[in-house]
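Peer 1: Under numbering that gives the first Met the number 0, the sequence shown has 214 at position 215, and the numbering climbs by one with no breaks.
Don't read these hints as lab results, they were simulated from the structure.
Warning: the hint list may mix true and false statements.
EDC-like, lysine to aspartate or glutamate: derived pairs with alpha carbons at most 16 Å apart [to be verified]:
(1) K231 x D200
(2) K2 x E35
(3) K333 x E40
(4) K30 x E326
(5) K96 x D269
(6) K3 x E47
(7) K186 x D155
(8) K301 x D291
(9) K301 x D319
(10) K30 x E47
(11) K228 x E250
(12) K248 x D162
(13) K194 x D319
(14) K236 x D200
(15) K298 x D269
(16) K236 x D291
(17) K236 x E326
(18) K325 x D50
(19) K248 x D156
(20) K196 x E222
(21) K145 x D26
(22) K158 x E250
(23) K104 x E189
(24) K248 x E189
(25) K158 x D319
(26) K145 x E326
(27) K2 x E257
(28) K201 x D269
(29) K333 x E322
(30) K196 x E40
(31) K186 x D244
(32) K233 x D200
(33) K30 x E322
(34) K228 x E193
(35) K194 x D156
(36) K53 x E40
(37) K248 x D269
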Amino acid sequence: MNKKLLILSPNFTLRGQPVAERTLAYDRFFKSNSIETKIKETPKNIFELIDIIKYIYKNNFNNILITMPPFRNWCLLLLPKVNTILDIRDGWSIAMKSGYGGTVKPNIFKASITRIIEYIGIKLSTLTITCTPGLEQYLQNLANKKILLIPNGYNDDDKRIVDSLRSTESDSTETKKDEIKFICAGKFSEYGVEKVKLVIDKIYNQYTNINITLTVVGANAQENNWIHKYIKQKNYKNITFHLLDRIQKNELYALILEHDMAITIIRDPDYDFGTKVFDYILCNKPIFNYFDTNNNFTKYFKNYFAVDKPIFSASFLRSDLLEKDKENLLKVLK
């Protein structure tokens, strides 16, 4: 009888979203290794949870993979005769303790409770996976148990889109002497107004005598409109700021290729990579380093910063990253 795996994931039908792409990569990987898989939406309430439990036993799923957040449905780890793999994509107790990287007020009490839940969940899981070295180290220290690191990346379709665009459009490989164009895809001020001010100030100070274009794509307009006023108040006359609506992925890649350097705002650089950093690497765009000190983010992506000539040799294809840990992923299934 074939091994079977049920994958529980939120919003897995929203192609282009990081959680959806990670979930589909898991699905493709296990299917390619003769594992029968099914993806279901993460249960949102007790009734959906009961339905999922019935579905698991009715269809003889001996293995389930739960990708988190959302951090709920921990009781599934207690199901008899079912192996559970946790895919922890964010630091739950870390976020509570730090106030989501300083964007909200920290809650030490909730952090303590969530830390206990994480500990128990990891101990009960057959395997726990995470996506950044900082989270790997944190969760290993928390539970004294080996955590498997599988970073996010880009999928084969993304690579095909970028390769096609490169073959038909001119990719900016050199910064013009009189102009430099920065791009940030996704959230910007949402991860901290002060961080954005720091980024803008550093860009200006490093390129004072150059015309600068700063383009933000897909961020919330209400939360980012203040940037126009800030640039004017600071008298940064050489900076032009554009705030664009969300666009389709092929359009986004085309836009990234037209720019010289990319920006990703990190909530907590010791545990977070941001959502678009791998898209920038796929497009061979150097990442702007706005940090004053080293952290896990700067250590991991040191080859991709613009201070020195960036190196784009590593593969972050999701299929390659999963294949690298093929043995660890398959041996836990029953």
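Peer 1: What's the verdict on K186 and D155, does the C-alpha distance respect the 16 Å limit or exceed it?
Peer 2: Given that 16 Å is the threshold and the Cα spacing comes to 24 Å, the pair is violated.
Peer 1: Is K301 within 16 Å of D319, Cα to Cα?
Peer 2: 21 Å, violated
Peer 1: Straight-line Cα separation of K333 and E40 no greater than 16 Å?
Peer 2: Violated, because 23 Å separates the two Cα atoms, which is more than 16 Å.
Peer 1: So if I understand the rule, the pair passes when the alpha-carbon distance is 16 Å or less; does K30 with E326 pass?
Peer 2: The given pair, whose Cα atoms are some 15 Å apart, holds under the 16 Å limit.
Peer 1: Is the straight-line distance between the alpha-carbon of K158 and that of D319 16 Å or less?
Peer 2: Distance of about 13 Å is within 16 Å: holds.
Peer 1: Quickly compare the C-alpha distance for K236 and D291 to 16 Å and report which way the hint goes.
Peer 2: Since the Cα atoms of K236 and D291 sit roughly 25 Å apart, the hinted pair is violated (cutoff 16 Å).
Peer 1: Does the structure keep K325 and D50 at a Cα separation of 16 Å or less?
Peer 2: Violated. K325 to D50 sits at ~31 Å, over the 16 Å cutoff.
Peer 1: Are the Cα atoms of K228 and E250 separated by 16 Å or less?
Peer 2: Not OK: K228 and E250 at ~28 Å, beyond 16 Å, violated.
Peer 1: Holds or violated: are the alpha carbons of K30 and E47 at most 16 Å from each other?
Peer 2: Roughly 26 Å between the alpha carbons, so the hint for K30 and E47 is violated.
Peer 1: With the threshold set at 16 Å, check whether the alpha-carbon distance from K228 to E193 stays at or below it.
Peer 2: Measuring from Cα to Cα gives roughly 14 Å; hence the hint holds.
Peer 1: For a C-alpha distance cap of 16 Å, please report whether K196 and E222 respect it.
Peer 2: 13 Å, holds
Peer 1: Going straight from one Cα to the other, do K2 and E35 come out at no more than 16 Å?
Peer 2: 6 Å, holds
Of the hints listed earlier, those the structure fails to meet are numbers 3, 6, 7, 9, 10, 11, 13, 16, 17, 18, 21, 24, 27, 28, 29, 30, 35 and 37, in rising order.
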